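Enquirer: Chains as they are written, first to last, in full-length UniProt numbering: chain A, 1 to 352; chain B, 1 to 352; chain C, 1 to 352; chain D, 1 to 352.
Note that these hints are calculated values from the structure, not bench results.
As the structure is a prediction and not an experimental result, all values here were calculated from the model.
There could be a bad hint or two in this list.
If several chains are the same, the list does not tell them apart, and a pair holds so long as it fits within one copy or across any two.
[Said to hold, decoys possible] Pairs of lysine-lysine, DSBU-like flavour, derived with a Cα cap of 30 Å:
id, residue 1, residue 2
1, Lys-45, Lys-192
2, Lys-145, Lys-169
3, Lys-145, Lys-194
4, Lys-194, Lys-169
5, Lys-45, Lys-61
6, Lys-169, Lys-88
7, Lys-5, Lys-194
8, Lys-88, Lys-145
9, Lys-5, Lys-192
10, Lys-96, Lys-6
There are 4 protein chains.
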Amino acid sequence: MNDTKKIAVGIVGASGYGGVQLVRLLWEHPQVEITYLGGNESAGKDFAELYPHFGHRFHYKIEPIDVEMIAQRCQVVFLSLPHGLAYKIAPQLLEKGLQVLDLSADYRFSDLNTYSTAYNVERDDEETASNAVYGLPELYQSLIKNTSLVGCPGCYPTASLLAIAPLLKQGLILPESLIIDAKSGTSGGGRKSKVNLLLAEADNTLSPYGVAGHRHTPEIEAICTHLAGVDMRVQFTPHLIPMVRGMLTTVYATLRDPGLVGDDLITIYNAFYRSSPFVRILPNGVYPQTKWTAGTNLCYIGIEVDPRTDRVIVMSAIDNLMKGQAAQAVQCLNIMRGWEETLGLPEIAFYP
Amino acid sequence: MNDTKKIAVGIVGASGYGGVQLVRLLWEHPQVEITYLGGNESAGKDFAELYPHFGHRFHYKIEPIDVEMIAQRCQVVFLSLPHGLAYKIAPQLLEKGLQVLDLSADYRFSDLNTYSTAYNVERDDEETASNAVYGLPELYQSLIKNTSLVGCPGCYPTASLLAIAPLLKQGLILPESLIIDAKSGTSGGGRKSKVNLLLAEADNTLSPYGVAGHRHTPEIEAICTHLAGVDMRVQFTPHLIPMVRGMLTTVYATLRDPGLVGDDLITIYNAFYRSSPFVRILPNGVYPQTKWTAGTNLCYIGIEVDPRTDRVIVMSAIDNLMKGQAAQAVQCLNIMRGWEETLGLPEIAFYP
Amino acid sequence: MNDTKKIAVGIVGASGYGGVQLVRLLWEHPQVEITYLGGNESAGKDFAELYPHFGHRFHYKIEPIDVEMIAQRCQVVFLSLPHGLAYKIAPQLLEKGLQVLDLSADYRFSDLNTYSTAYNVERDDEETASNAVYGLPELYQSLIKNTSLVGCPGCYPTASLLAIAPLLKQGLILPESLIIDAKSGTSGGGRKSKVNLLLAEADNTLSPYGVAGHRHTPEIEAICTHLAGVDMRVQFTPHLIPMVRGMLTTVYATLRDPGLVGDDLITIYNAFYRSSPFVRILPNGVYPQTKWTAGTNLCYIGIEVDPRTDRVIVMSAIDNLMKGQAAQAVQCLNIMRGWEETLGLPEIAFYP
Amino acid sequence: MNDTKKIAVGIVGASGYGGVQLVRLLWEHPQVEITYLGGNESAGKDFAELYPHFGHRFHYKIEPIDVEMIAQRCQVVFLSLPHGLAYKIAPQLLEKGLQVLDLSADYRFSDLNTYSTAYNVERDDEETASNAVYGLPELYQSLIKNTSLVGCPGCYPTASLLAIAPLLKQGLILPESLIIDAKSGTSGGGRKSKVNLLLAEADNTLSPYGVAGHRHTPEIEAICTHLAGVDMRVQFTPHLIPMVRGMLTTVYATLRDPGLVGDDLITIYNAFYRSSPFVRILPNGVYPQTKWTAGTNLCYIGIEVDPRTDRVIVMSAIDNLMKGQAAQAVQCLNIMRGWEETLGLPEIAFYP
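Bound-form chain A, shown alone (with noise of 0.2 Å):
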């Protein structure tokens, strides 16, 4: 293939954390280029300026966020913005005709009213809205294949979900068991200069934070339901971990049938995901550690059963900044193109 059929794609919100990783993947990535790189605060400054890392070969310049720029010069475009600024553009973007993935909130609710409730912003495009996928593609792909807009997941949904899904559709737990504990390295804060993230305050402690009222909640349970066909309330709790990155959900469900063994639910795991080559169901008595997914698009599930609480345990890790956000979104292009599901994803984790 040679770079002239190379598809055209544009970062709007390059100066973060999910920037710099899609930047990254998608410069080696071998279908795509990078047209355009845009961003509020950082519009006029040389992306290595800001990751001085890049300062050898990549010569972008960060421009303003302008919907005529991007439309002329990109086909596919990232947006990679805090929450209730994507669907300000997104729908312009689509009617020029690009595929847009966006890393935020604002495209992950089929009912606005809970991203309302949530994210405390109001909004006019439910039109737009009820044509967005929600871009798991472990759970949606047929669907991922036939959007041009795609709501890519939050990583405490992902790390949840995949955990979660194949119980939740075979009906193998009790509904209102559900139980999520999860950790997350203080890189799914992203970029911005707050306190309580420095090294000195975050180093060598552990917290947990938003108890009983993350915002990743109602996104979580939204697709708990719809899998499980029933109404879903789960508990969540997510801890910020000494870490930079990484992720790891512990979750806990009382069976419906307590004959199960762990056995039985690694045929099953197995079974649910023969076709996700990113997901990786390890054998009895393996756990996952998150550092097997650093740098990677993969992940790791470990199962349980404890025969004395009729309980499954079921432990997911994931790179929170990769599976957890960039990577998955370039997945999802990938799936969204007809390309091979991999293609330019890391699939071996540098150890240690």
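Given the coordinates of chain A, assemble chains B, C and D onto it according to the supplied hints.
Expert: Just chains B, C and D, lined up with the frame of chain A:
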């Protein structure tokens, strides 16, 4: 008070992390004098060879473990040995009139069958074991006051039980709903050369272990059963966190009375721990950080109720080597000797 | 001693890391009582709002910075403000009879031109500045004893000067050969939200900064010049280390007398610091670790001579927030008041 | 190209960190096929037992180290063994026509006396050793192209020599003034259970080691002497940094010509490394961060001149396991086989 009235104290197993905390605390304790440090492999070495920062003021040699010698030199002895060793010398030490505080699992179980199953050690000291008191002062203060043998709790049971006790004692939760998701720094693994605890392996990653089968589970269950008055089965999942010290437990349970709100429970917890100087119940909406406990004997507890799920979420933070190990043993000693409970124990962390 | 004899002490700039260390240390200091906490942006807040782990015993509000109020309430005041603010209030506080310990750069320079060049602040308080004493007790104890105004050294100068002083005072090295390679934990950057100090940025990486032009260089040079009696130019390179606390300097210098061996220098250093309870010279072949100093006012010094190159390598470790900042200021206070130099200052770290 | 043309490659010592990097890199290298993994203690185990994240795609067993078997299966072999083992099998492997890349110290020295003194191993393979080429491609590319035996440099010499080489080759500095202050992540200590490399010991601390006597010193000196054409004595001080990967050297030297400014040296360095795709000279005022190199074969170099002291300070950053070990060996293989030098080697880090 002059020095001649100080109590002579020995530490068996001084070379490990439990040992070095004990040395540090007892060295500055106003009522005791360290008169003996003992060890197996480390016998014959200067303590400062193992911990050079003690080298300028503290000139102790680690001596062989000899019951006669200990009895001649000490009135009180702390046993900080791996499981399955303390019970071989504790009965003789008690017979010679010493007070014994054991930091291993050997004297934590009133039912030795439970111990033998969990630790795979056969025991023949039922009588001694039946006189041992579980060294969690917030629950068993009056028993500790009147015993000569304390089996000090492990770090996971300490953090878990302090979070749970008021719920169980007051019958506030459905017993079968109890889930403890626990997170610990790597110092809990001791000063032993294990590949999985290397910085290169354990830093920047996160993983569960011992899922549905960790050895601390029966210890937690035994005390829970005692507190609740009904047979308890507990879901307990420990995780290894990339930090040196600190432990957090996130406890989930279903409330019997869904009308209870967070402030009710905060009131109940404050009342329950009103005489416990080391337990600090946090205000509504504040959750504990392990860093607040570093180098202290404190336990911070945060409480949240989720009215959507009728669950209470209790979060407790301790320093796993202090309240979870050595400092709690010193707290027990203070009680056994009739001293102020807080004597010689740090109460405010250095932050950050 | 009863409480009525305690000295009333205020802290201006209580919200930062220097402030919280001072609060922590002075709260337990047997001879002082905290009577005032002041701040600018934080004025009006409860101290426990900023540092919730203080919330149970310590009920102070941060008040506006008001010279009259401070003078009414305090006998001694610590100024823990950014550079360029202390000099605006110190003269008035001194006039009202207070003892002033300034932790900023404002009173570290006997030559205000050097200060003005380095900090870009014009000054008009020459007279006050000329009466200030440099608060490094190991070098200037007798001056500190007799002053009302101490300019406490920065962390880099403290670690550097303690490593170098015996060499310069004894004329043991070629002055132009002095190189200081310094390494600091990120808490030295303060409790300010800066992107480069985020855990996500600063963890798992290492970088130099301020090469050949760091603001601490003139401070180090001024004292070196004073100690050596000749004009000194020092090569100083700081590095940011992925840890919260701790500072290490590795000092290189060429020996005048290549016949000196390591043991000679160890003898010289031990003699030099024989009356300095916080400086600990390590035995031959043992090098300092910053962790040994965490939470203490100690400085560990290791010395090596390389006969192949005729160089001496001196390594010093301190806690940058303690001996490098707050605890050293308390040490100065102890000296100013004629108390035991070590009063209220931790002397053994909790390890690990 | 189809698979039948791929080169058959073996890795002896696959279980360590060098081994796992080699497996990771060669597995994705377009021109090679891994046909053998060998080990001593790990023989008989599945590779995925040691590194479970390889478990889903990669099904290799570690086999005993057998020269005949290696020769039958491989055209090229990487030896990633502890020092003193490679020289026992390399001569036979070479005799059988294999190309050998040794990652240990065994073939880094043209003078075996220097090796024997530093590593305390007697050798009898002078002829083989005299044919070995030092595997630093930026300095010895043409020799590497024409040899069958490469002795790959250690991480410290790689980082140090890349920083120093232009200065020495151009005769820009006073030879006796050279000081290297080096800082390394703990993975450099290998996947061996050592107490001092435990996270609990090595995290949140910093310490020097091997001062004035580290084994990498003679290796650095031998190459420096070769580059400078005069006998060189180097001051080299390594430090252990609380991070997994990464190495930074801060090099100090006195300029012969004090009129040189930073931009002059940047020009000289850029010219020197103009054909070196993995060396990146930073613009004036930008200093390297080790994180920029993580998971890549890059070396970033920053340069500063201090006109006050007539010194140049050169700072170089690499990933100690990549450019400092495994990736550099693959770079050598690329050169030996006449492939593109960058083939299969990552060139942009994932950040943060």
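Enquirer: Classify it for me, Lys-5 with Lys-194: is the Cα-Cα distance of at most 30 Å met within a copy, between copies, both or neither?
Expert: neither (43 Å within a copy, 43 Å between copies)
Enquirer: For Lys-96 and Lys-6, with the copy left unspecified, which applies at a CA distance of at most 30 Å: within, between, both, or neither?
Expert: Cα proximity of Lys-96 and Lys-6: one copy only (19 Å, versus 47 Å across).
Enquirer: Pop the pair Lys-145 and Lys-194 into one bin, within, between, both or neither, using alpha-carbon distances up to 30 Å.
Expert: Classified as neither; 38 Å inside a copy, 41 Å across copies.
Enquirer: Evaluate Lys-45 and Lys-61 at a C-alpha cut-off of 30 Å and name the case that applies: within, between, both or neither.
Expert: Within one copy only: 6 Å inside, 43 Å across.
Enquirer: If the cut is 30 Å between Cα atoms, do Lys-194 and Lys-169 qualify within a copy, between copies, both or neither?
Expert: This pair counts as neither: shortest intra-copy Cα distance 39 Å, inter-copy 41 Å.
Enquirer: Is it within a copy, between copies, both, or neither that the alpha carbon of Lys-5 lies no farther than 30 Å from that of Lys-192?
Expert: neither (37 Å within a copy, 48 Å between copies)
Enquirer: Given identical chains, is Lys-88 near Lys-145, meaning Cα to Cα at most 30 Å, within a copy, between copies, both, or neither?
Expert: So Lys-88 and Lys-145 pass the 30 Å test inside one copy only (24 Å; across, 57 Å).
Enquirer: My question is about Lys-145 and Lys-169: at a cut-off of 30 Å on alpha-carbon distance, are they close within one copy, between copies, both, or neither?
Expert: The answer is within: 21 Å in one copy meets 30 Å, while 56 Å across copies does not.
Enquirer: What label fits Lys-169 with Lys-88 when the C-alpha limit is 30 Å: within, between, both, or neither?
Expert: Answer is neither: 35 Å inside a copy and 54 Å across each miss the 30 Å cutoff.
Enquirer: Is it within, between, both, or neither for Lys-45 and Lys-192, if the alpha carbons may be no more than 30 Å apart?
Expert: both (17 Å within a copy, 24 Å between copies)
Hints 3, 4, 6, 7 and 9 from the earlier list are contradicted by this structure; the remaining hints agree with it.
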